[in-house]
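Protein chains in written order, with my numbering: chain A, 549 to 1124; chain B, 549 to 1124.
Hints were generated in silico from the structure; no laboratory data involved. Mixed in with the good hints, there may be bad ones.
Note that the list lumps identical chains together, so a pair holds whenever it fits in one copy or between two copies.
Using 20 Å as the maximum straight-line C-alpha spacing, the simulated PhoX-like pairs for lysine-lysine come out as follows [said to hold, decoys possible]:
hint, residue 1, residue 2
1, Lys728, Lys552
2, Lys556, Lys749
3, Lys1068, Lys883
4, Lys894, Lys803
5, Lys728, Lys556
6, Lys552, Lys702
There are 2 protein chains.
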Amino acid sequence: MNFKALLKSARGEEPCDLLFKNAAFANLCTMEYERGDIAVKDGIIIGIGEGYEAKESVDCEGRLLLPGFIEGHMHVESTFMTPRSLAAAISPLGTTTVMPDPHEIANTCGVEGIRFMRRESDGLPVDFFYGAPSCVPASAQETPFEEIEAEEIKKLLADGTCAHLGEMMNFPGVCLGDDKVWAKLDAARGLVITGHAPRLKGKELAAYLLGGISSDHECSCEEEALEKLRRGMYLMIRQGATARNLSALAPLLVKNPAFATRCLTVSDDINPIFMLRRGHLDGCLRELIECGVEPLAALRTVTLTPAEYFRLDDRGMIAPGKIADIVMTDTLDEKFRVLKVWKRGKLVAEDGRTLEKITPAVLSALPGYSGEARTPTAEELRVKIENPEAMINVIGVIPEQVVTETLQMPPTNIGGFACADAERGLAKMAVVEKNRGTGRFAVGFIHGFGLTRGAVASSVAHDAHNFTCAGMDDLSMSAALRELARIGGGIVVADGEKILAEIKLPVGGLMSLLSVGEGKAKLEELAAARDALGCSNEHAFMQLSFMSLSVIPELKLTDKGYFDISGCGVMPLFVR
Amino acid sequence: MNFKALLKSARGEEPCDLLFKNAAFANLCTMEYERGDIAVKDGIIIGIGEGYEAKESVDCEGRLLLPGFIEGHMHVESTFMTPRSLAAAISPLGTTTVMPDPHEIANTCGVEGIRFMRRESDGLPVDFFYGAPSCVPASAQETPFEEIEAEEIKKLLADGTCAHLGEMMNFPGVCLGDDKVWAKLDAARGLVITGHAPRLKGKELAAYLLGGISSDHECSCEEEALEKLRRGMYLMIRQGATARNLSALAPLLVKNPAFATRCLTVSDDINPIFMLRRGHLDGCLRELIECGVEPLAALRTVTLTPAEYFRLDDRGMIAPGKIADIVMTDTLDEKFRVLKVWKRGKLVAEDGRTLEKITPAVLSALPGYSGEARTPTAEELRVKIENPEAMINVIGVIPEQVVTETLQMPPTNIGGFACADAERGLAKMAVVEKNRGTGRFAVGFIHGFGLTRGAVASSVAHDAHNFTCAGMDDLSMSAALRELARIGGGIVVADGEKILAEIKLPVGGLMSLLSVGEGKAKLEELAAARDALGCSNEHAFMQLSFMSLSVIPELKLTDKGYFDISGCGVMPLFVR
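Okay, chain A solo, but in the shape it has when bound:
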């Protein structure tokens, strides 16, 4: 950026490109509303006040201008959209900058998956600053495409692919001084290191902080959040599609609006249905204000504070020298709407739509991902009972949670095989390794998932994102898995040999080539098909996607079999 070339316009001696006239704007530095004209040239705010000439003027008629919203933590892949589709969806909602952690695609496609995300994020009306994933794989129990170690992280940070360290989820590894974990922390020392430390407190939290980690987005109650704030962490108030902490944490900001300088509001994981219903950061703002948070304090958590936290000193406020990322709204209350959005001084969205059509296509090659996997036949999925007295270990689903419990139950024995049993709430589960094409699979059982017939299968299965399936009969399961392989990844609902619904996720097995509206429609079709299988669990797909995540308690199933996070480690299907 040639700032020197802007001086004549700044001094008012040459016309600027764009002039917002009769504007009110939010000043996050002084926490007040100001009035004044705002002059822009070459995408940079060059002045505020009277007496500017411009090639183009926007009469704001007293409407409010806000700095573009900055998303401090999200996973693009969770939206089922590519960066292009996501940008098209959130740009009209006022988001102009996103700090994504690409650890999902890093699991399925490795380092080249991250570079792919970086490439696909260029030239969009939203700036993406990627964190280098710090935990690929989530644990040794999972099989990602490749492990990402400190050396790769150094390269990603050095060559500009990534700008900070992504969420450090391995808090036991940090606290206990795991060498590989600390090599990653050391690789990012001096940069921003983002955290993920649910329920960590006291001495464990202090140990975690020694790693240089400076934020957390896993707080679910005021007490936890306050301790982390007190110990110097930035608090990321998460309002995701399912992990929703905003109403629990907003009271902190109500009681003490000054906390807005230490709080960000973030999405973590959101999906098209959620976005079209609630919005993005604009929705978070409405909710914060509805909770009683002072509007400018709420606004700071998605503008200046994330800019400060991530050391983006070129944005986060409407001030001379900053990028002209500007959001026009009717007002700033619990019902406000984004009217227009300018990115680097260019009008990019109006009335909920981007001005330029952004197709959901992928523009570059994604190396590493084939989506192919040898999936097991119905016969291979059968579980033979060797000892009729033996109990089976079962994953116990806890409603609306991603944590589970470990259950021991007698199997339902049909012809010498342990089978799913709707009456007992027992489904069979399978995980098929697909990232390395080994076709290795493991079978287990899950209680409380909610299916009564058929099967659901998904290539979205945290964190390694192998093919995961839950079903009531082996035929449905093998059909769902086979279809999953055929379409190169996605979510499939099958009833016997029949495919009831599916969403294709060919981009790394995680992302579709759909727009937000198309994605929503597909997800609704999947929900309807799930309903048709008698499954009342509206979080079924999300819960299934977490049943192989080997770092969230208690019992999980990966392609290597059962894993008990609470200390037992690898566990057999049958209780010995």
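For this one, chain A is given, so just place chain B on it according to the hints.
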């Protein structure tokens, strides 16, 4: 720093080095007082709370612990002390980090002078982070030892000698796009660039901000400060020995304590007399609180906010993972006293004294500075009147200010020579080039300086720090200048051939080898001698030191002659 080695102590499994028990402490993240034990190992805070074992404990008995104070902007040279003496003086006052701009020594000794300051600052109980001087020389009218251009600045930033860009005083150069100025700004783009922009506002301020400059310490009224805050700048509230803006700006913090997140309190220029009377940042805190600023808001301006502004994420708060720079006080009110100071977990000062004796010696060589100059004889200082009708241009002193006015007066003609004249308030002035040893000198006149006889001479003469002298007769002036050269720089008061008082400043012509107490005594001797010459102007030495600064309006005298900053440029002694 090996943080991993601290984990066992952080987890409470191994004893830490030092434990503050029964402490109250200021938490700048949540803006509250907390109670709890604070555990330290290897100079790092490793935990807060109960249950730590320690090799050594400090029973705080409920006394208050604060983070070490951070000085956001000062010139070490202005204290007449070396970094060692300064550290010895301010460490017991609670200062643990200083961000000095070494542009004074850079003028007299060049780049090697800066490296000398860096070396002399190592191993002290105060951390010094130097800014790379951005304006050496202050203008082309001055003669420094060498010019410091963008290339040298790049090197200083790259090799760790400097960490940010020092005050950008050349605001016309910034606003008008001067190539050399912008090359310096570009050399520091992305780093912190500190500012100096008195009275700049509106479009000029906006143009200045395009340079990437993010702070200012020259605000003297609320209106100016508020505009700069609104435009995104950090406000440095300056409370120097003579430039004292605290009482004018404190109301901003009284009205809106949230401004504490955008304000620093700094010293800029202070001297031993001031320090022993008022303190350092501890004194600023007392004054802020006396002005009605909420104590924690006041404290933030000298702890967390400077740490945030300068991106020192290892300090500024008492929290796990941060450096154990800790100040113990009796309380935090308008009369509070610093009791003890720990630097990196080591007790370094108690009851106003450093525990370890820090001698005022200089430990390394200072290249480039000779202090030698050929000084003019009394005869050479004479000003012959060629045209008896001609008026002379005269620098008009404005009481207590460093700005001047341009006067035109008839000379006092004694035997065909223009002479000083006590009755008319007219003194003669001379500036002798000493940095390059040319001995070039210029003579002018100054009105309102206050002398009635004798002469004062000084090697502290902003910014080039040539030998500057004001006197009532040529004999006193030549004697004062000769003595100045003999002692290698300093401040001298002479009456005829007799030297009444002097302070030796052999270190670059700017710094003594004295402690703060010795320096105060010498300055008091100088003041007494000045009084003996009938000079009632208590700011005489300071004002003299600014009479050759070619960037502060209006008329100044450098070794090249008169310079009128307000547009006329070089001016002759006699009005033509």
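Verification of the hints:
no.	hint	verdict
1	Lys728 / Lys552	between (45 Å within a copy, 12 Å between copies)
2	Lys556 / Lys749	between (54 Å within a copy, 16 Å between copies)
3	Lys1068 / Lys883	neither (23 Å within a copy, 64 Å between copies)
4	Lys894 / Lys803	neither (38 Å within a copy, 37 Å between copies)
5	Lys728 / Lys556	between (53 Å within a copy, 17 Å between copies)
6	Lys552 / Lys702	between (33 Å within a copy, 19 Å between copies)
When each numbered hint is compared with the structure, violations occur for hints 3, 4.
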